[in-house]
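Enquirer: Keeping their order, the protein sequence lines are chains A and B. Residues in the first sequence are numbered from 1 upward in steps of one, following full-length UniProt numbering. Residues in the second sequence are numbered from 1 upward in steps of one, following full-length UniProt numbering.
FYI, nobody ran anything at the bench for these hints, they're computed from the structure. Treat the hints with care, as some may be off.
Far from chain A, by Cβ distances over 12 Å, these chain B residues were calculated [stated by the list, open to error]: (1) 6; (2) 10; (3) 31; (4) 60; (5) 80; (6) 88; (7) 90; (8) 103; (9) 104; (10) 108; (11) 144; (12) 161; (13) 186; (14) 211; (15) 222; (16) 248.
Straight-line distance between alpha carbons at most 20 Å, and here's what the computed SDA-like set of lysine to any residue pairs gives [unchecked claim]: (17) A:21 x B:133; (18) B:133 x A:15; (19) B:133 x A:23; (20) A:21 x B:238; (21) B:97 x A:9; (22) B:133 x A:56; (23) B:97 x A:69; (24) B:133 x A:9; (25) B:133 x A:12; (26) A:5 x B:96; (27) B:133 x A:69.
Since this is a predicted model, take the numbers as computed values, not measurements. Even glycine gets a Cβ: it sits at the ideal position worked out from N, Cα and C.
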Amino acid sequence: MKFLKAFAQFWYDFIIGDDWKIAVAVVLALCVTLVAMATGALGDTALTLLGGVAIVVGFAISLAIDVRPKRR
Amino acid sequence: MDAATWGLIIATFVACFVEMVEATTIVMAMGYTRSWRSALAGTFAALGALAVVTVAAGYALANWLPESALQLAIGGLLLIFGLQWLRKAILRSSGRKAIHDEDAIYREEVAAAKAAGETKTGLDLFAFMVSFKGVFLEGMEVVFIVLTFGLNAGNIPGAAMGAIAAVVIVLGVAIALRRPLSMINENLLKYGVGLLLASFGTYWAVEGLGIFRAGRESIDWPGHDLMILVLLVAWLVLSRIFVAVLRTPASAATAPEVAVEVKK
């Protein structure tokens, strides 16, 4: 059990690192692009641009959460 | 050698260089304060484990996954790594996060080594384990970057060449100087690597979403590989905008007085 916990912790540290918001932002951005692709309304060029913009927006939101003023 | 191969070698060289500096700092701290024999034993054990992981992961990635699935998996992970590095670089440049300092990390490792107490057996387990963990963790990122960049470019030897050159240079400088490599502007290097990983990661992750459509064919970016350069410029410009917007008044006035960061 201890080994499994340490193993899981290693992979969490390796992939997610110290800011889970980045991983969530990337997954959400890719999901948005995937949904757009599933509708079949967009061609490859539009899909790639949407994906790129979604990643940038996700990253910007995670940064904004990082630097927001803390409530006291 | 063509421009793409040079780009591949430079990308893996810079990424590996940063990770090697961090691993070397940890091993030097253990070697000078505890036992060189145990620190080097931990280092070689980690290198052996890394070699096994590299062969296994390389074979699995190259043979078991369709191209678009490979692009999605490694692109997604590169994107997460790259944006983590970019986030730290932006927060550091804007004065909202402490600067990474190898001297401070070295001092912390030395203090931990001294506090751990003497060992009675032949092998100093503390020095062995700290060195093993440091080299293995930093090395895993290098292995991942070399494999992914190499597989996608269809040039594993080129990617490995960049990584090996970084290992040789960092070890050579460390042996010559016999102290932590704090004179290297690691924050700037990390910023550069973050930009590279974010650009390649964005390109491959979006391309790889094609695994979910009929035929499992990758989504095509306009301009194909040339778009990676456009993405690189876009991430650079965006990161500078983020730095300008987030810059604190204190950091603009007293930039050199920013505190140092001990942890990665």
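Enquirer: Hint by hint, note whether the structure agrees.
Expert: Now for the hints, and whether the structure bears them out:
1. 6: 25 Å, holds
2. 10: 23 Å, holds
3. 31: The claim stands: residue 31 of chain B keeps its Cβ more than 12 Å from every Cβ of chain A (closest is about 24 Å).
4. 60: Residue 60 of chain B is indeed farther than 12 Å from all Cβ atoms of chain A, at 16 Å.
5. 80: 5 Å, violated
6. 88: 9 Å, violated
7. 90: 7 Å, violated
8. 103: The claim holds: residue 103 of chain B sits with its nearest Cβ about 21 Å from chain A, beyond 12 Å.
9. 104: 17 Å, holds
10. 108: Holds, since 17 Å exceeds 12 Å.
11. 144: 9 Å, violated
12. 161: It holds; residue 161 of chain B is separated from chain A by about 25 Å at its closest Cβ, greater than 12 Å.
13. 186: At about 17 Å from chain A, residue 186 of chain B clears the 12 Å cut-off, so the statement holds.
14. 211: 10 Å, violated
15. 222: 5 Å, violated
16. 248: 9 Å, violated
17. A:21 x B:133: 26 Å, violated
18. B:133 x A:15: Satisfied, since the Cα-Cα distance of roughly 16 Å is no more than 20 Å.
19. B:133 x A:23: 24 Å, violated
20. A:21 x B:238: Holds: residue 21 of chain A and residue 238 of chain B sit about 18 Å apart, inside 20 Å.
21. B:97 x A:9: The hint is violated at about 25 Å.
22. B:133 x A:56: Given pair residue 133 of chain B, residue 56 of chain A is violated - Cα atoms ~33 Å apart, limit 20 Å.
23. B:97 x A:69: This hinted pair holds, its Cα atoms lying about 15 Å apart.
24. B:133 x A:9: OK: residue 133 of chain B and residue 9 of chain A at ~13 Å, within 20 Å.
25. B:133 x A:12: 15 Å, holds
26. A:5 x B:96: Cα-Cα ~33 Å, so violated.
27. B:133 x A:69: 36 Å, violated
The structure is inconsistent with the numbered hints 5, 6, 7, 11, 14, 15, 16, 17, 19, 21, 22, 26 and 27, although it conforms to all the rest.
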